[in-house]
Structure formats: structure tokens, C-alpha cells
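Student: Here the protein sequences line up with chains A and B, keeping their order.
In terms of this note's numbering, the first sequence is residues 4 to 173.
In terms of this note's numbering, the second sequence is residues 36 to 330.
These are computed hints drawn from the structure, not numbers from a lab.
It cannot be assumed that every hint is accurate.
[Said to hold, decoys possible] Listed below are the simulated DSS-like cross-link pairs for lysine-lysine, each with C-alpha atoms no more than 27 Å apart in a straight line:
| id | chain 1 | residue 1 | chain 2 | residue 2 |
| --- | --- | --- | --- | --- |
| 1 | B | 159 | A | 130 |
| 2 | A | 130 | A | 35 |
| 3 | A | 35 | B | 148 |
| 4 | B | 297 | B | 234 |
| 5 | B | 234 | A | 130 |
| 6 | A | 25 | A | 129 |
| 7 | A | 129 | A | 35 |
| 8 | A | 129 | B | 148 |
| 9 | A | 35 | A | 25 |
| 10 | A | 130 | A | 25 |
| 11 | A | 129 | B | 143 |
| 12 | B | 234 | A | 129 |
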Amino acid sequence: MRVGGALLIVFSCGFIGLIVAKSYSDRVQNIKALLTFVQMLETEIGYSRTSLPEAFERIARQLQGPVSVFLQTVSHRLEVEPDLAMQDAWLFGVYVLEENGLPIAVLEDLITFGDVLGVSDADDQKKHLNLLRVRLTQASETAEAEHRKNARMWQYLGFCAGTLIALLLF
Amino acid sequence: MHRFLAPNLRTLIQNGNLGLELEEIRLRLARPLMVKHQEGFIFLNAIGQPCQAEQGYYVTQDDIQRTVQIITRNSWYAFEDEIRSGYLTLPGGHRVGIGGRAVLENGKLKTVKYISSLNFRMAKEIIGAADAVLPHIAALHQREVYSTLIVSPPGCGKTTLLRDITRQVANLGFQVVVVDERSEIGSCCEGIPQLDVGKQTDILDGYPKAVGISHAVRALGPEVVVTDEIGHPNDALSLAELARCGVKVFATCHGSSLAQIKAKSWAVDSLKVFEVIVILSRRLGPGTIESVLRV
């Protein structure tokens, strides 16, 4: 009975540690997916002149994970509510990313970008996309550094903390 | 057409329920909302009722911005060329004229900012408008059509008649190519003609006339080429190319009589191509056929 309880505590704490560690790698993956989105959107705007709802739909099909859901959300909102301003539809999408743990700084950059998205000619849109790319690259580097620093620590910390609690209790 | 307006304006016009079909809606920033119906232009107040200009609903910056977002599908850059040419064609064939401040680059219009005017014009399509003239321009038992020029002053239904001739001739089995320089014949939106131009019609949308005619002859093998608003001296060369290739042409031009057209310098060579001239007026309403002349 005691051994069972101790093992339960160790594995529960270890599991929590693994989840926290995974959140660091997810963050890196999601920011990289956003960078891919920026690259693809630049192509859609610069070369194909695809309208935003169509471009989002197209890019969402080629990506996976929260960034794909984010784009599907924006595209769906624009489709069902044609009167909706892009900025408002964009915010609905940003909420999806917020729920998936993207850093506040990235969310703020995205919201700022949403204010200018689609309101000017292609040259101007490319400048805004470039700025977003620079900001996301910085965020990606920071997220990778945090991942390197913290992910392994959390993987061990969970199990160690679980073991310590088990020893103290039993 | 109302669905392309900012929600605020849409509600205003729908609540007004004028009971007349609107032909135009004019939005001018910080000036009263104006619409045009069969009886002319009127101002509308905040509940959509006709009024004097002073009591009118004054169009706001937000009205203009929201409307622009809707007509461009939140994607201004996707309509740059159309904005540069001054108008957008909407689903349904309606057109929006755009006015604002020009942004120039090397002396050419790059884009427009500070949009201050939007002029919505309802697409007009009259199926059967060409019924009366068709027997004069097509000898069906010989499977032959005659090159035809439609002449009238502005606003008399030239393009409406030309479109219906195109539709009927294409549906009779002729291979037709429309060189739609100003997107007024087929009113294409994303490549799809919004008005019926027939089942055997190819559209070269937005092509300059000379380029479009040349492409049509080389690439699409037309029996008939349709184009709007001839009147440039260079048009004679393009029309001659068509005649040389045995391709018939349906076209329109501004004027009130054959004598007036003949007096114009560009017409000397161009007119040789045409076998039938249709003169239109507004005497009994738009599209009144004054005469059909064999030349």
C-alpha cells in the first residue's frame, strides 16, 4: 500500500514535470510555425494577390497544430460574418494562440500586425510582414534558449520532487 | 448591392424602404448620403428618407473604411490594379468607383489613399434587349452575322444592347470573344462573368483593345469579336486585322447619328469594317432604337 502510494506520487509529479518541459518545446514549435505562416502569407500577398480569407484557408491546410487552428478560426469568422473587420476576426484567432501558451510578447506583436493586415498595397504589407518576421525570429531564439535551459530541468525536477515528497510522507 | 455597404449604411437604406430600385449609391466623406433611382438623385437622412442636403445623413470616415473593407474582402492589396483603374467590380456585376488622394510613383498612379468617395452603380442586365435588332445583324439560315456598330450618346443603353447581342449570338452557336477593356460587358469578378454573355463566349477581361483583339485572333479562334467604346485612331488597325482574318465585330461608340460619326477623323477607316449601324437614343427611355442602317 505504502509502496503503491509512493509510486503514485513519484509518477504524478514526474508527469507534471514532463508536461511543463513539453510546453517549452511546443512554444518553440508554434513560433516556428508562425514564421512559416509569415513566409507563406508573403508569397500569397506578393505573388498571387490572394485575398486574406482564401490565403488563411490555404495556409491552414498546409500547417498543423495551434497555428493552423488560429488561421482556420480567422478564416471561418470572416466567412460567416462578412461585415467583420479583419482586426476583430484576427483577435479571435489570437485567443486560440493565447490558450496554447504563446508568449505575451508574441501575442502583442500579432495583435499589432492585425491592425495593419490587409489595409494597404502589397509593398506596404510586405514591410509589415518583414517586421513581424524579425520579431518572431527574436522570440524564437528566446524560446529556444529557454527550452535549452529549462526543459531538461523540469523533466528531472518532477521526478525528483515526487521522490522527495514520497520519502517525507512515508 | 446593399450587402457591400457598411452595416450602418445598409440598415439606413433598408429601413428607408424607398420602394424604388436604386441605380446608384454615392458615399462622399463628410457630405450627405446620396442615391439615384429612376427619377433622379436624392439625399437620404438618418432614417433613410428623402430630404434636403442640409438634413442628410453625413457619411463618416468609419462608413467609408468599413465599406472599403467589405468590398476589398479585407485585402486592399488584392485589388491594387482595379483601384488604380478607378473602380472595382463586385459579385453580381455591380461596380464601385473610387476616389481619394493619389499616391504617385515616377509620375504614375501607384495607389489611392484617404478614400473620400465611393460610387456604387447597380449592374443593369436586360435579357432580350437585342430581340428587335437581332434579325438585322444575323442571317441565321446562312449562319452568318454582320459586323455591327452601336452608336448612341452616353446613358442610352449601348453596352446593355451589346451584351444581349453577345449573349444571343453566342447561344446561337457562334464562337465569340469579348475584349472587355473596362470590364463593363461581362463585369467579371475573379474571372467569372457576373452578367450573362452566352455559353460560347470567352472574355479577355481588362485587356487593352489592341492587345486583346490580337490575342483573340491568334489564340482563341473567334468567329465574332465584341468590344466596347471604339474611337481611338489605333482602333482602325485592330478592326482591319479582324476583317483581314474574316472575323466579324460587334462594337459601340459615342455619337448621336451616323453623320456625326463620319465627321470624326478616326472613323474614316474604322467604319469600313461595319455592315450594320444601330442608332440608339433615350427618346422613349434608355435603349430606344432610332434606326438600323445597312452600310
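Student: Determine for every hint whether it applies to the structure shown.
Tutor: Now the hints, each set against the structure:
{"no.": "1", "hint": "159/B - 130/A", "in the structure": "41 Å, violated"}
{"no.": "2", "hint": "130/A - 35/A", "in the structure": "20 Å, holds"}
{"no.": "3", "hint": "35/A - 148/B", "in the structure": "35 Å, violated"}
{"no.": "4", "hint": "297/B - 234/B", "in the structure": "35 Å, violated"}
{"no.": "5", "hint": "234/B - 130/A", "in the structure": "44 Å, violated"}
{"no.": "6", "hint": "25/A - 129/A", "in the structure": "33 Å, violated"}
{"no.": "7", "hint": "129/A - 35/A", "in the structure": "19 Å, holds"}
{"no.": "8", "hint": "129/A - 148/B", "in the structure": "18 Å, holds"}
{"no.": "9", "hint": "35/A - 25/A", "in the structure": "15 Å, holds"}
{"no.": "10", "hint": "130/A - 25/A", "in the structure": "34 Å, violated"}
{"no.": "11", "hint": "129/A - 143/B", "in the structure": "21 Å, holds"}
{"no.": "12", "hint": "234/B - 129/A", "in the structure": "40 Å, violated"}
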